[in-house]
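Participant: Sequence:
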Amino acid sequence: MSSLIILKIYHIDAEGMKLGRLASVIKKTVLFHITTATDRPYKSVPNYLIVVSNCSKILTSPNRIRNKKYFFHSGCPGGLRTLSWGALNLTNPEKVVELALRRMLPSTVHSKNILRKVRFHRHEYMERESLRIIRLR
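Adding 104 to a residue's 1-based position in the sequence shown gives its number in my numbering.
Simulated from the structure, these hints should not be mistaken for laboratory data.
It should be emphasised that the depicted structure is a prediction, and the values quoted were computed from it without experimental measurement.
Some clues are possibly wrong.
[Unchecked claim] With a straight-line cut-off of 30 Å between C-alpha atoms, the simulated DSSO-like cross-links for lysine-lysine are:
| no. | residue 1 | residue 2 |
| --- | --- | --- |
| 1 | 112 | 216 |
| 2 | 173 | 112 |
| 3 | 172 | 112 |
| 4 | 132 | 199 |
| 5 | 131 | 172 |
Please build the complete structure, drawing on both the sequences and the hints.
Facilitator: Now the structure itself:
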């Protein structure tokens with residue numbers, strides 16, 4: 105006997121939204137399901153997938169494009185890399201939104217499970233179907 109899992113797909117259009125506002129909307133309402141006073145963020149994550157499209161069309165100020173820096177360190181001596189917001193947004197705008205969401209969440213196992221359920225797209229996402237059914241053995 106096999107069981108069925110129904111996977112709901114939520115689509116969020118990021119065009120015209122500010123970066124921090126977009127990340128907080130994803131975090132609060134969709135990921136943690138905090139819509140009422142009785143909801144708790146430590147409950148297990150339900151079966152759904154969140155698709156964020158148009159990541160290249162988010163709004164930001166001109167100062168942030170020049171002054172905001174992302175720091176990455178490899179752990180080796182002299183392994184510090186810095187990227188400006190503008191350079192990272194030109195090459196990989198999905199990474200900008202992913203980093204904003206990842207750094208807004210606490211660094212726990214629950215957050216890693218949540219981030220696995222979010223997909224980022226540079227352009228418009230073509231929705232094939234709103235429900236996907238996965239059959240387990």
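Participant: Which numbered hints turn out to be false for this structure?
Facilitator: 2, 3
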